[in-house]
Amino acid sequence: MELAKQNTQIVTPDSYMQELTTLNLGPTHPATHGIFQNILQMDGEKIVSGVPTIGYIHRAFEKIAERRNFYQITPLTDRMNYCSSPINNMGWWMTVEKLLGVTVPKRAEYIRVIVMELARIADHLICNSILGVDTGAFTGFLYVFQEREKIYEIYEEICGARLTTNMGRVGGMERDLSPVAIQKIRDFLRDFPKVFREFETMFNRNRIFIDRVENVGPITAERALNYGFTGPNLRAAGVDYDVRVMNPYSSYQDFDFEIPVGTKGDTYDRFMVRNEEIWQSLRIIQQAMDNLPEGPFHADAPEFYLPPKQEVYRNMEALIYHFKIVMGEIDAPAGEVYHSVEGGNGELGFYLVSDGGRTPYRLHFRRPCFIYYQAYPEMVVGTQLSDAIVILSSMNVIAGELDA
Amino acid sequence: MAELTNELLVQSLQEKFGDQLFDIHEPYGLVTVTTTRENIIPMLQALYDDAFLQFQFLTTMCGIHYPDNKGQELGVIYHLHSLVHNVRLRIKIFFPEDDAVVPTATNLYATANWMERETFDFYGIRFEGHPNLIRILNVEEMEAFPMRKEFPLEDQTREDKINTFFGR
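Note that the protein sequences, when read in sequence, are chains S and U. Each residue of the first sequence is one higher than the one before, counting from 1 in our numbering. Each residue of the second sequence is one higher than the one before, counting from 1 in our numbering.
Incorrect hints may have been included.
Stated by the list, open to error - Once the Cα atoms are required to be at most 30 Å apart in a straight line, the calculated DSSO-like pairs of lysine-lysine come out as:
{"no.": "1", "chain 1": "U", "residue 1": "Lys70", "chain 2": "U", "residue 2": "Lys92"}
{"no.": "2", "chain 1": "U", "residue 1": "Lys16", "chain 2": "S", "residue 2": "Lys324"}
{"no.": "3", "chain 1": "S", "residue 1": "Lys324", "chain 2": "U", "residue 2": "Lys149"}
{"no.": "4", "chain 1": "U", "residue 1": "Lys92", "chain 2": "U", "residue 2": "Lys16"}
{"no.": "5", "chain 1": "U", "residue 1": "Lys149", "chain 2": "S", "residue 2": "Lys106"}
{"no.": "6", "chain 1": "U", "residue 1": "Lys70", "chain 2": "S", "residue 2": "Lys63"}
{"no.": "7", "chain 1": "S", "residue 1": "Lys324", "chain 2": "S", "residue 2": "Lys309"}
{"no.": "8", "chain 1": "S", "residue 1": "Lys106", "chain 2": "S", "residue 2": "Lys63"}
{"no.": "9", "chain 1": "U", "residue 1": "Lys92", "chain 2": "U", "residue 2": "Lys149"}
{"no.": "10", "chain 1": "U", "residue 1": "Lys70", "chain 2": "U", "residue 2": "Lys149"}
{"no.": "11", "chain 1": "S", "residue 1": "Lys63", "chain 2": "U", "residue 2": "Lys149"}
{"no.": "12", "chain 1": "S", "residue 1": "Lys184", "chain 2": "S", "residue 2": "Lys194"}
{"no.": "13", "chain 1": "S", "residue 1": "Lys150", "chain 2": "S", "residue 2": "Lys184"}
{"no.": "14", "chain 1": "S", "residue 1": "Lys324", "chain 2": "S", "residue 2": "Lys98"}
{"no.": "15", "chain 1": "S", "residue 1": "Lys46", "chain 2": "S", "residue 2": "Lys264"}
{"no.": "16", "chain 1": "S", "residue 1": "Lys194", "chain 2": "S", "residue 2": "Lys264"}
{"no.": "17", "chain 1": "S", "residue 1": "Lys98", "chain 2": "S", "residue 2": "Lys264"}
{"no.": "18", "chain 1": "U", "residue 1": "Lys16", "chain 2": "S", "residue 2": "Lys63"}
These aren't lab readings, by the way, just hints derived from the structure by calculation. Computed from a prediction, not measured in an experiment: that's the story for all the values here.
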């Protein structure tokens, strides 16, 4: 069988005659925020065509998952969109719970909503502040990274890790919110709006910033849908599709929030949609904290939920379940499930096929980045190189998720 | 406009493509149908063009490999979404491993481009008419299609690892 060739060489004799310049943007370039390559054909400063090459940090998660027990797959999901790993973790647990038919108690669902919305804020903060850096405004980035650090401290308080969180369990959370965690979330809710308002004041009506981003990289709603856009990028184009509203999961129907949409789908709209989503996420966290139900923080699913350690030493059933879970000796029912959550940058879907064994037969991740990044060449053609950088960061392409 | 429920969807699917569908079921509330690869593109097109159903969003698409299903080893699974009605639909096709050729959906969905490249990359399914069917995530020198089941990740029965060290 002949080998399939990737895009390595696109310089043709014609391009020499057209006096185009070939510019190799990436794979490691300070302005690309991740390892991806774009071979651009430039006519002066203008981009004539672009060919992306991806896969530089491909780690074969879908293959690895076929040999892992369900609880061993969360660490893989962490490493997809590492800017908002709790959303990936929770999405995976919800997929497994759907397969197993486990009902999660309200308190666990609310805690999940809180961490997912914190993760969304962290994700959008990184994206928008880096967009500021790419347009030459470093200060905003430094302002909000302090707050991102506070979000990571909350993760640390909830699960012990900061970036790759591996948070939650089948049926709920691994532990309840500690008083310190609650205090930290309340402090964050109190302090963050002031800082973020400052950030918005710096950018939203800033003439220099608007000149750099307005009408840069617009995409129509039709093209965006055809390209499978989801998340803030699709909403910036004017389509109000949000999984949290369309298919509410984890009690999102209990909360009152709005879905911001843009009109033109350009970089400015994407920036503004993310900013507004941060405010809406704050609203959701506030409501969840105010109405946090009492009760258990995990479901009664002894076959899948690790028993507390002190029980393991005293109670025979707990010891058996502990052993069976840790050794991965529990079979899941056969079936196929598709579950999606609203990730930091779009609809993050998990398609899980189980053949009744201990591991998934097939697990496919619908990674929003991978799907919408293919529109990038179309969006940059005709713009200038500096615009291409801005479009890339406004699309919030995360290399880990792109390559999985 | 009437609300599209799963029952209504199954009913209208049967009306439109009655003899081309088999194995209609609803695992976890998502209508799943199986069809043949000859019918898949006309079916996607008809679902796209249908004024009522409006399945115009290709959520995702992936390959699958059942080495024991002789004559139907490989499959492609399409997840469609009708955003107007908020109803999802899963369509599967299966075909033999030694004739892994499927017509492309790129003429209908721009997003199918990379999804089909990914499926080709991992399962070796060739999409006829695809504009640029080359590997996407793996290195180009790779000769195998790594997601197929004949490539186990690690053999749990291997004997060169000493069990006492690994707790097996």
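Hints, verified against the model:
no., hint, result
1, Lys70(U) - Lys92(U), "holds, 17 Å"
2, Lys16(U) - Lys324(S), "violated, 49 Å"
3, Lys324(S) - Lys149(U), "holds, 26 Å"
4, Lys92(U) - Lys16(U), "holds, 17 Å"
5, Lys149(U) - Lys106(S), "violated, 40 Å"
6, Lys70(U) - Lys63(S), "holds, 22 Å"
7, Lys324(S) - Lys309(S), "holds, 14 Å"
8, Lys106(S) - Lys63(S), "violated, 34 Å"
9, Lys92(U) - Lys149(U), "holds, 19 Å"
10, Lys70(U) - Lys149(U), "holds, 14 Å"
11, Lys63(S) - Lys149(U), "holds, 10 Å"
12, Lys184(S) - Lys194(S), "holds, 16 Å"
13, Lys150(S) - Lys184(S), "holds, 8 Å"
14, Lys324(S) - Lys98(S), "holds, 21 Å"
15, Lys46(S) - Lys264(S), "holds, 22 Å"
16, Lys194(S) - Lys264(S), "holds, 29 Å"
17, Lys98(S) - Lys264(S), "violated, 37 Å"
18, Lys16(U) - Lys63(S), "violated, 37 Å"
Going down the numbered hints, you'll see the structure goes against 2, 5, 8, 17 and 18, while the others check out.
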